[in-house]
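Q: Just so you know, the protein sequences line up as chains D and B, in that order. Start counting the first sequence at 1; every next residue gets the next number (my numbering). Start counting the second sequence at 552; every next residue gets the next number (my numbering).
Note that these hints are calculated values from the structure, not bench results. Don't take every hint at face value.
[Claimed, not checked] According to the in silico footprint, chain B covers these stretches of chain D (three or more CB under 8 Å from chain B):
hint: 1; stretch: 403-416
hint: 2; stretch: 503-513
[Unchecked claim] Not everything, but these chain B residues come out facing chain D in the computed CB check (under 7 Å):
hint: 3; residue: Leu-696
hint: 4; residue: Glu-720
hint: 5; residue: Ser-721
Here a beta-carbon is modelled for each residue, glycine too, at the ideal position from N, C-alpha and C.
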Amino acid sequence: MSKRKDWWQVPRVVFQPDTYRGLQSGIEQIVNAITPTLGPFPRIVMFDQTIGDQGRVPELLDDGGTIARRIIELPHRDADMGAMMARQMLWTLREKEGDGTATAAVLFKTVFDEGLRYLAAGGNAMRLRTYLDEGLRLIDAAIDAQAFMLEGKHDLAKLAIAVGRDEELGKMLGEIFDIIGEYGRLEVRNADGRHYEREYTGGMYWDNSGWHSRSFINNMQKQRCELEDAAIIMSDLDVEDFRDLIPALRHCVRNGIKSLLIITKTLSEETKTMFMMNKTQKRISVDVITAKTPGMSLDAQMTNLNDIAAWVGGKPYVKAAGDSLSNIKMEHMGRARRLWVDERNIHIDGGQGDPRYLRSYLADLRKAHGNMRDFDDREAMQQRIGQLMGGAATLRIGGNTKTEVEYNKEMARRAISAMRGAMRQGVVPGGGVAFMQCKPMLQAKLDAASDAEERTAYRILLHAMEAPSRTLMQNAGFEPGEVMGELLHAPAGSGFDVVNGKVVDMREAGILDVTTVIKAALHSAISSAAMTLTTDVLVHRPTAPDAAMTT
Amino acid sequence: MENNTNELPNIGLVYDLACTTGGQTCFAASGTGLRRSTDGGETWQDAYASLNLEEALPTTSVVIKQLESKCCVIAGVPGGALYSTDAGETWTATSVTSPAPAVSTLVISPAFSEDEVVIAGTTQDGVFRSANGGRSWTHWNFGLLDMSVYCLGMSPNYAEDETLFIGVESGMFRSTNGGRAWREVDLPFGYDSVLSVAVSPAFAEDSTLFAGTEEQCLWKSTDGAKTWQLVGDAVLDGPVNALLLSPNYPATPDILMVLDESLLLSRDDGTTWTTLLTGDVSTVLAPQGMQPGTSVLIGLMTGEVISHRL
Chain D
1 MSKRKDWWQV
11 PRVVFQPDTY
21 RGLQSGIEQI
31 VNAITPTLGP
41 FPRIVMFDQT
51 IGDQGRVPEL
61 LDDGGTIARR
71 IIELPHRDAD
81 MGAMMARQML
91 WTLREKEGDG
101 TATAAVLFKT
111 VFDEGLRYLA
121 AGGNAMRLRT
131 YLDEGLRLID
141 AAIDAQAFML
151 EGKHDLAKLA
161 IAVGRDEELG
171 KMLGEIFDII
181 GEYGRLEVRN
191 ADGRHYEREY
201 TGGMYWDNSG
211 WHSRSFINNM
221 QKQRCELEDA
231 AIIMSDLDVE
241 DFRDLIPALR
251 HCVRNGIKSL
261 LIITKTLSEE
271 TKTMFMMNKT
281 QKRISVDVIT
291 AKTPGMSLDA
301 QMTNLNDIAA
311 WVGGKPYVKA
321 AGDSLSNIKM
331 EHMGRARRLW
341 VDERNIHIDG
351 GQGDPRYLRS
361 YLADLRKAHG
371 NMRDFDDREA
381 MQQRIGQLMG
391 GAATLRIGGN
401 TKTEVEYNKE
411 MARRAISAMR
421 GAMRQGVVPG
431 GGVAFMQCKP
441 MLQAKLDAAS
451 DAEERTAYRI
461 LLHAMEAPSR
471 TLMQNAGFEP
481 GEVMGELLHA
491 PAGSGFDVVN
501 GKVVDMREAG
511 ILDVTTVIKA
521 ALHSAISSAA
531 MTLTTDVLVH
541 RPTAPDAAMT
551 T
Chain B
552 MENNTNELPN
562 IGLVYDLACT
572 TGGQTCFAAS
582 GTGLRRSTDG
592 GETWQDAYAS
602 LNLEEALPTT
612 SVVIKQLESK
622 CCVIAGVPGG
632 ALYSTDAGET
642 WTATSVTSPA
652 PAVSTLVISP
662 AFSEDEVVIA
672 GTTQDGVFRS
682 ANGGRSWTHW
692 NFGLLDMSVY
702 CLGMSPNYAE
712 DETLFIGVES
722 GMFRSTNGGR
732 AWREVDLPFG
742 YDSVLSVAVS
752 PAFAEDSTLF
762 AGTEEQCLWK
772 STDGAKTWQL
782 VGDAVLDGPV
792 NALLLSPNYP
802 ATPDILMVLD
812 ESLLLSRDDG
822 TTWTTLLTGD
832 VSTVLAPQGM
842 QPGTSVLIGL
852 MTGEVISHRL
């Protein structure tokens, strides 16, 4: 007699109407957990951390993406699938944009619930999806038309305050981004005290580098090697023999160059010794310091050498091309007004390369950045562009406790991400007004439509466009119906300021949303909801009761 | 039209001219020093006399501001600047940075009496900013990808909008935070050098400025440097070394321009031009405006400063 299988060992196939019922239940649980966090008065969601670790303080969250991610599994498997759909959408959005998850959750649920009502009455899911996707494109274009750029530190600060929910942080970020620009290099670190601090460094620097030997230090106070009006040899070569560098030194002497930075992957002890002897004995009238090729990998080293060459001029000498420093020409050396090398970095100020080439090089990098889809690739390219723009800022975050510091840093990172997006693609009126302003266009499409699914799609989208505003009002304790009535008669661009409880021009009031975040939330929500509506069958695979869910 | 030649000793090319309002006290910066006139350019004396220099000190730029209790003058010299608070009677030297760059151009804040801001452009190190009348300088080059600065233009409303424009070897940059950071200005002709820039006195209302280039002639923007239109079509051919707008621009749309080494005047916002002087012109100043009959000061390549009645 064969052994009877337990329930979880048997694959289970779920058909309509259980499919929709299950998905809807799961989506509702995730979205309802996140919805209260939308707006300037977010409610907190408390997570139990006592499982397997007695006595730990519950985790308090107000970020939609993180909340969704913490909900790992729902007990009912059909609902769990719906929840995981929503969860994946929200976490991906959070990773890419850093914000917009609560808005996406509200939009997603509205579109899904209303779509489901139509399908339950006999509608066609695939046709409905087609029209929802078309409507999405139209809304996207309508939001683009509302976008405008922020200028000046005051406008930037207003946005930073709205996202980071901290006036001191917001003002500081407004000033920082007004200086470093949308690509500028900004590092976030812990402060020693309770407050925020910022500092700026001019010039360009590359980390994952540093001196070959601390014996080259000529500024003991700052513990670094410094040169002025220096020539620069850029390479990823291994220098074993000092004689390979003699042609370069001859070029310097003939051309009256008194300082030389040599960047190589490695430097033999013999060569280091020769340069140190020269430092004391002055046999060659050239001050030489050496540094390691910046970058951890071969690709990174090549990229960094090309970037340095764009800034200082000259041409990198690379192993892959079979180059040798014994053949170096004078015009292949870069020049810089000032530079220093410490244990980990090369810092160059006043590169003397061709500015036309540098500007054109950067324009190409910015174009490439705009075309990148992968988040990590975009981040890496943005840092590279920021590096070449010259200068960097450091924001130090303080707080009374370690937890507070970590929270402030998280708020700062969100605000920073939002500000970069705002500076690149602009902002739109906030508080859900950007969506509301798409309604006349959708109404016109609805009026012109004759196909049943098309009319339903536009009807659904019309309701969805109001959902974020309504939710914001509810969360702030206002009655959405009353306020919507007031907004009907208000001029275009008006919205409800839930903090002050009145109808205002959102742009003038500084209540803004980042265009990239709003559009990303819109796309994620509507296309995910449209796709989920076309789900007809669920199949549950066998799984042991204590198996961990993968993310 | 008359030329009055107020010959100076042969002191090399005149780079820059500056006057107090009304033009009574004037300075001429040249390759072999700084000259001062206290009679509107009629006669000139060595402004560095109090320094007892052994050799002439090339001076590439000069700005002046008459305040209630003092007359501030800042002169750009190799390695830094000299500042005076007594109209050039005595001088104090300040260095800009090390290694010392050459200061190529200076501009002084219209609200100098409150903010004491002076901006210096250099040939190799970009822009420096002083907030104490030239006594000390800070290097602020965020976003400045081209360190060879040829000219500076400042908004007349600088106290509110903190807007600056610089002409560099590869084109133009703009700052809206007082020179702390710079953004590229997209010019329609690519990366040609911008040798001169003139900002409308009514910039707060008309957002107008002009850019003179090395090979692409003269351009005008009416939206704060976002878009540009060519001025004068193919009539103008040559490097635009200096530009000056009427103090009443745009109501009086007069423009003086040094095109190559000639001085040209337009009375219709650059549509048509009259050549006033041909050859050896390096710079021009109109301390009394540009109405017909007024005199302008013209700096020459030979070191002379002449006055010319319009």
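Q: Against the structure shown, which of the earlier numbered hints fail to hold, in ascending order?
A: As far as the earlier hints go, 1 and 2 are violated by this structure, in ascending order.
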